Amino acid sequence: MFVNHIQSTPLKGTRLHTLWRSAVSEHGLVDDRLFHLVDDDGRLVNGRRYGPLVRLQATYDRDRDELGVAVPGRGVVTGRADRLGEAVSTRFFDHDVQGRLLHGPWAAALSAYAGRGLHVVRVVRPSFGVDKHPVTLVSAATLDWVRLRLGAPPCIDRRAARMSIEIGGCRPREEETWVGRDLRIGDAVVHIVGLVPRCVVTQQDPATGAHSWNTMRALLDGRPPPPDGTPHKPLLGVHAVVVTPGTVVVGAPVDDPTDPQENPR
Amino acid sequence: MLFVSRLLTTPVKGTRIVERRTLELGLGGAASDRLFYLVDDRGRVVNGRQHGPLAEIGSRFDPADGRLTLTFPGGETVAAPVRVGGEQVRTDFFSHDTMGEVVDGPFAAALTRHAGRDLRLVRVVEPGAGSDRHPLSIVSSASLDFLRTRSEDALEVDARRFRMLIEVSGCRPHEEDTWTGGVLRGGTVALRVLETVPRCSVVRQDPATGLRSFDALRALLEYRKSRDSRYRWPVVQPPEARQIMFGVYAVVEQPGTLSLGDEIEFAAADL
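Residue numbers (my numbering), protein chains in the order written: chain A, 1 to 265; chain B, 1001 to 1271.
Simulated from the structure, these hints should not be mistaken for lab results. Note that the structure is predicted; figures quoted are calculated from it, not measured. Among the hints, erroneous ones may be present.
Stated by the list, open to error - Computed footprint of chain B on chain A; a stretch qualifies when at least three of its residues, placed anywhere within it, have a C-beta under 8 Å from a C-beta of chain B:
hint : region
1    : 1 to 11
2    : 135 to 144
3    : 166 to 179
As the list claims (entries may be wrong) - Now the in silico label distances, taken between C-beta atoms and shown as ranges:
hint : chain 1 : residue 1 : chain 2 : residue 2 : range
4    : B       : Asp1040   : A       : Pro257    : 49 to 59 Å
5    : A       : Thr230    : B       : Glu1263   : 25 to 35 Å
6    : A       : Gly73     : B       : Glu1076   : 28 to 38 Å
To be verified - Not the full set, but computed from the structure, chain B residues with beta-carbon under 8 Å of chain A:
hint : residue
7    : Met1001
8    : Ser1005
9    : Ser1141
10   : Ala1142
11   : Asp1145
12   : Thr1149
13   : Arg1150
14   : Glu1152
15   : Ser1169
16   : Gly1170
17   : Arg1172
18   : Pro1173
19   : Gly1261
In this text, a Cβ means the ideal position worked out from N, Cα and C, and glycines have one as well.
All chains, please: the whole structure from these sequences, using the hints.
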């Protein structure tokens, strides 16, 4: 198995960047989801609440500590990412994320674009901005499988799935058999924690944010309900915590850390 | 679990490949696939290898009314019922000779204008004879993915570049090499896998334009013929293979229908 694709974004909910290589710290892919957006009431605004966020493209320059956001029709809005304001706590589904409001030119441009108040928040610690665990994994075969359960192309692609690392060369849903185990990815090691419950973002066209596919229905239909009566959730891919930081590169081997290396770059 | 993840055909050999949801597979291969080919003024076959920009031409054949439609860049469309005038040709397809009948009508003139050289359209006499060596070609999604990960330039390599009929997902990269001799069953068909596919310079071309782009042949060479012990078969091809192999050829043993998403079962060769 091998790393098939890496994607991340510094600003949660915006268009994903395809990466050839990324450092992985204990907090996940470096600079992934360092920032997120909240509305005037302090509620999280992500792709689930506002699909067209994917039409924004954010870049973060670590050396200059600058955040740039390309807004359709308004160019790139750039500013320093260290002008921190009020401490805020943002509800992320089942936990609260601690951050600081970021002063800069973004709020005006983003609010005008979205027709609602939007404010940038910088998380207090990297990895706080992810939904649950710092790294998410899915196999290319699983995405193919979901795509075909939804009918023919064009339909869900990897950007709609919004997973950080895609694994090539395995069976569909093979990643689910790794739960509870360590996995070596490049020279990093992660521990697979569990399956990822998915939301309506997976149903949106990643270019426009428009509702396009019934992905959640396909995911629900793709497996029987749990026999113990716990809720039947649409699951796709797995999430993981980082055991050993390192670097992941497209094409790097993915295997059991106790096996000799296979097909490295 | 293996399953069909892409089906690609074209009625006119060398022209743009089209994604399909379902294929009718007969003993001669997929219905309407490579039913026609092009020859030059000396009767030699002309495909993407001789003239890359053929890939810019869209072709559609409707078996119900026997109409062929060619769409050229710039919007020109030429459509007519296919009529043959009785001239038979024998064309060297490198691996075999193919018998064909020259198609009359507006196609030759339009193709000649586009290519800037004399081209004639020929219909194969026997379905399946328009393929290079065997009527079916199969590649795994994992092999395509593995190739894409070999360099940053390769990331966007399009599956159509390899002009394979059937793409199968759910296995290891180049696992299809190990299917040689065995049978794949899916939908209502059974396919016998025969041998690996030797690749030519067409894989260096962008499938949308036919122009040279990422050198997939070199990228394949680097790992398929690697002596590096970190690579394991089947990613590395057997040393006796002289050309660069990518995907496998197959023939239909049980005709029927194969559709996107159909699960595939593999049975190894009987010994």
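Hints, verified against the model:
Residues of the region 1 to 11 of chain A lying with their CB closer than 8 Å to a CB of chain B number 4, which satisfies the three-residue condition for coverage. Coverage of the region 135 to 144 of chain A by chain B holds in this model, with 3 residues showing a Cβ closer than 8 Å to a Cβ of that chain against a need of three. A stretch counts as covered by a chain when three or more of its residues have a beta carbon under 8 Å from one of that chain; for the region 166 to 179 of chain A and chain B the count is 5, and the coverage holds. Separation of B/Asp1040 from A/Pro257 is about 58 Å and conforms to the stated range, judged on CB atoms against 49 to 59 Å.
Evaluation of the 25 to 35 Å hint for A/Thr230 and B/Glu1263 yields a pass: the beta carbon distance comes to about 28 Å. For A/Gly73 and B/Glu1076, the Cβ-Cβ distance of about 36 Å falls inside the hinted range of 28 to 38 Å, so the restraint holds. Taken as an interface hint, B/Met1001 checks out: its beta carbon lies about 6 Å from the nearest beta carbon of chain A, inside 8 Å. A least Cβ separation of about 5 Å between B/Ser1005 and chain A falls short of the 8 Å threshold, and the interface hint therefore holds.
The beta carbon of B/Ser1141 comes within 6 Å of a beta carbon in chain A, closer than 8 Å, and the hint placing it at the interface holds. A cut of 8 Å between beta carbons decides the hint on B/Ala1142: the least distance to chain A is about 5 Å, and the hint holds. At about 4 Å, the closest approach between the beta carbon of B/Asp1145 and any beta carbon in chain A falls short of 8 Å, and the interface hint on this residue holds. Because the beta carbon of B/Thr1149 sits about 3 Å from the nearest beta carbon in chain A, less than 8 Å, this interface hint is met.
Evaluation of the B/Arg1150 hint against chain A yields a held restraint, the C-beta minimum of about 6 Å falling below 8 Å. Here the hint on B/Glu1152 is kept, as its CB sits about 5 Å from the closest CB of chain A, short of 8 Å. Residue-level restraint check for B/Ser1169 holds (minimum Cβ-Cβ distance to chain A is 4 Å; threshold 8 Å). At its closest, the beta carbon of B/Gly1170 sits 5 Å from a beta carbon of chain A; the interface hint therefore holds under the 8 Å criterion.
For B/Arg1172, the shortest C-beta to C-beta distance to chain A is roughly 5 Å, which falls under 8 Å, so the interface hint holds. Given hint, B/Pro1173 at the interface with chain A, holds; its Cβ is 5 Å from that chain's nearest Cβ, closer than 8 Å. A cut of 8 Å between beta carbons decides the hint on B/Gly1261: the least distance to chain A is about 4 Å, and the hint holds.
The structure meets every hint from the earlier list without exception.
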